[in-house]
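Engineer: The lines below spell out each chain.
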Amino acid sequence: AQSVAQPEDQVNVAEGNPLTVKCTYSVSGNPYLFWYVQYPNRGLQFLLKYITGDNLVKGSYGFEAEFNKSQTSFHLKKPSALVSDSALYFCAVRFALIYNQGGKLIFGQGTELSVKP
Amino acid sequence: NAGVTQTPKFQVLKTGQSMTLQCAQDMNHNSMYWYRQDPGMGLRLIYYSASEGTTDKGEVPNGYNVSRLNKREFSLRLESAAPSQTSVYFCASSEGGPTDTQYFGPGTRLTVL
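These protein sequences, in sequence, are chains A and B. The opening residue of the first sequence carries number 1210 in my numbering; numbering runs sequentially from there. The opening residue of the second sequence carries number 3 in my numbering; numbering runs sequentially from there.
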């Protein structure tokens, strides 16, 4: 079955340090991968996506993610964390094989990022 | 350009009551979705509408019905609310292709007593 996993419920980082939020997926076809961020009491905001091409994808607010096909991973990264980056982060995947199913996304369970001053 | 809007923002129901959650988008998107968010479970798809005039079940459709009223509007109805439906509900929309981004509304926080 197709699925996506975020192995860490919470990630704690000091401000100014690099951050990584992990995501792995299980696939039976080519994946399209997305990262979203959710601030408290808000909806999800799109950060970035990988469709094809360069494995390193750059997105909003200085975030980037690296697609690794051999490890079936799509980890979210930022070189220098800010306190304002503290939020809930979701990885999501859509598989090309289900193109005709209205573009459904499968979400990971979310990772709470806490950046301390 | 408001994006995706949802009403109401908050709602408290008693078990057995019914209600409809409203969603509208002004981006001329073809596809619309309803998700529920529960702690530690991410977002789970309830129903979706790939295009105007079509609706399909998602991962957790039991206890819900939907109506794609027109291209802009997609409503979610709880006919007889149960405590297990206490959740935060999000509506989203997208162009509909596999590489397209889904854009989310602000959510409705529903409590069923």
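Simulated from the structure, these hints should not be mistaken for lab results. Predicted model, so just to flag it, every value in this text is computed and none were measured. One or more hints might be untrue.
Per the computed footprint, the stretches of chain B lying under chain A, defined by three or more beta-carbons under 8 Å from a beta-carbon of chain A, are [said to hold, decoys possible]: (1) 19–28; (2) 71–84.
Far from chain B by the CB rule (all over 12 Å, computed), these chain A residues [unchecked claim]: (3) Asp1218; (4) Gly1225; (5) Pro1227; (6) Thr1229; (7) Ser1237; (8) Lys1278; (9) His1284; (10) Lys1286; (11) Pro1288; (12) Val1292; (13) Gln1318; (14) Lys1325; (15) Pro1326.
Listed next, the in silico DSS-like pairs over lysine-lysine satisfying Cα-Cα at most 27 Å (straight line) [said to hold, decoys possible]: (16) A/Lys1258 <-> B/Lys73; (17) B/Lys16 <-> A/Lys1258; (18) B/Lys11 <-> A/Lys1313; (19) A/Lys1313 <-> B/Lys16; (20) A/Lys1313 <-> B/Lys59.
In this text, a Cβ means the ideal position worked out from N, Cα and C, and glycines have one as well.
Engineer: Now, for every hint given, state plainly whether the structure supports it.
Structural biologist: Hints and how they fare:
| no. | hint | in the structure |
| --- | --- | --- |
| 1 | 19–28 | violated (count 0) |
| 2 | 71–84 | violated (count 0) |
| 3 | Asp1218 | violated, 7 Å |
| 4 | Gly1225 | holds, 29 Å |
| 5 | Pro1227 | holds, 25 Å |
| 6 | Thr1229 | holds, 19 Å |
| 7 | Ser1237 | holds, 14 Å |
| 8 | Lys1278 | holds, 17 Å |
| 9 | His1284 | holds, 17 Å |
| 10 | Lys1286 | holds, 20 Å |
| 11 | Pro1288 | holds, 24 Å |
| 12 | Val1292 | holds, 23 Å |
| 13 | Gln1318 | violated, 4 Å |
| 14 | Lys1325 | holds, 22 Å |
| 15 | Pro1326 | holds, 26 Å |
| 16 | A/Lys1258 <-> B/Lys73 | holds, 26 Å |
| 17 | B/Lys16 <-> A/Lys1258 | violated, 40 Å |
| 18 | B/Lys11 <-> A/Lys1313 | holds, 24 Å |
| 19 | A/Lys1313 <-> B/Lys16 | violated, 32 Å |
| 20 | A/Lys1313 <-> B/Lys59 | holds, 11 Å |
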